[in-house]
Amino acid sequence: MNIEKKIIIKSKQGLHARPAALFVQIANKFESDISVKKGKQLVNGKSIMGILMLAAEQGSVVILKVSGRDANEAMNELEKILSGDLDKPF
Amino acid sequence: MKILDFLKPAAVTANLESTNKKDAIEELVDLLVKSDDIKSAKKKDVVRSVLEREGLGSTGIGQGVAIPHSKSPLIKDLVGAFAISKKGINFESLDGKPAHIFFLLLASSDTTGPHLKALARISRLLKDKYFRDALIQAKTDKEVYEIIAREDKTRD
Chain A
44 MNIEKKIIIK SKQGLHARPA ALFVQIANKF ESDISVKKGK QLVNGKSIMG
94 ILMLAAEQGS VVILKVSGRD ANEAMNELEK ILSGDLDKPF
Chain B
5 MKILDFLKPA AVTANLESTN KKDAIEELVD LLVKSDDIKS AKKKDVVRSV
55 LEREGLGSTG IGQGVAIPHS KSPLIKDLVG AFAISKKGIN FESLDGKPAH
105 IFFLLLASSD TTGPHLKALA RISRLLKDKY FRDALIQAKT DKEVYEIIAR
155 EDKTRD
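Protein sequences, first through last, are from chains A and B.
Be aware that the first sequence starts at 44, since it is given in the working numbering, and climbs by one per residue.
Be aware that the second sequence starts at 5, since it is given in the working numbering, and climbs by one per residue.
Within a straight-line C-alpha distance of at most 30 Å, the following computed DSBU-like cross-link-like pairs (lysine-lysine) qualify:
1. A:K89 with B:K25
2. B:K101 with A:K89
3. B:K121 with A:K80
4. B:K12 with B:K146
5. B:K157 with A:K81
6. B:K47 with B:K25
7. B:K26 with B:K133
8. B:K6 with B:K133
9. B:K26 with B:K90
10. B:K47 with B:K6
11. A:K89 with B:K26
12. B:K26 with B:K46
13. A:K108 with B:K131
14. A:K49 with B:K131
15. B:K12 with B:K157
16. B:K90 with B:K6
17. B:K131 with A:K72
18. B:K131 with A:K123
19. B:K101 with B:K26
20. A:K81 with B:K133
21. B:K133 with A:K89
22. A:K80 with B:K133
23. A:K108 with B:K121
Between beta-carbon pairs, the in silico distance windows are:
24. B:K143 with A:N115: 47 to 57 Å
25. A:E47 with B:Y134: 26 to 36 Å
26. A:K123 with B:D99: 18 to 28 Å
27. A:E122 with B:D99: 17 to 27 Å
28. A:Q84 with B:N24: 28 to 38 Å
29. A:N119 with B:K146: 47 to 57 Å
30. B:K47 with A:E47: 41 to 51 Å
31. B:K146 with A:I46: 44 to 54 Å
32. A:Q68 with B:D114: 23 to 33 Å
33. A:G127 with B:P77: 18 to 28 Å
34. B:D40 with A:E47: 47 to 57 Å
35. A:G111 with B:Y134: 29 to 39 Å
36. A:K48 with B:E30: 40 to 50 Å
37. A:K123 with B:A153: 36 to 46 Å
The set of hints was computed from the structure by calculation and includes no laboratory data.
Because the structure is a prediction, the values reported are computed rather than measured.
Ideal Cβ positions, reconstructed from N, Cα and C, are used throughout, including at glycine.
From just these sequences and the hints, can you work out the full model?
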């Protein structure tokens with residue numbers, strides 16, 4: 044199954060190292076392929092360095108792409124991280 | 005943003021001597037004192053802020069790379085220090101492996117943009133295994149700086 048969702052980064056601090064680490068840890072629990080796109084840059088959602096390369100600031104739009112057997116579940120969890128308040132301690 | 009915008013040659017070492025996380029962070033901050041990027045009177049507070057950030061979750065991002073950092077009112081402009089540990093240090097990294105490559109990043113607490121852009125630039129370069137290997141094998145501080153400078157200039 045292939046799912047794509049457009050997500051706006053709302054958190055003031057943007058997608059910084061801590062949420063990036065959390066995102067990748069959760070992404071790696073799933074079998075599905077996960078990627079994140081910002082502008083022309085498409086990165087592997089299971090790599091922290093990949094996610095950090097996006098430098099996604101507050102207000103930026105990213106596209107989360109998930110494909111595989113557990114895509115629905117993965118999308119649900121990962122979307123929550125990206126669209127939530129990234130500055131709260133997790 | 006380029007790495008050379010915030011990394012001075014004096015803030016680079018090919019031989020980090022520390023054998024644990026706390027000492028490694030202190031040694032990295034010392035590099036910034038040596039390079040005149042921070043005043044020695046501020047050193048203690050800066051070390052504390054970096055350790056506090058580590059307490060929230062390790063910045064050992066795997067593949068032998070750690071990017072300890074903090075945002076602090078003590079810092080005006082973004083500054084970085086870079087170190088290689090040949091032996092590797094247990095940094096409680098996410099993949100459980102020792103860290104060999106350290107990029108300390110200090111940013112002002114007023115802004116988010118430069119900090120994110122610097123993390124992005126560091127990640128873009130360090131994602132390359134050949135670049136990482138070249139850095140680990142470098143023998144002198146000068147050699148490490150030159151490898152970074154070459155990569156920084158030739159990559160988009």
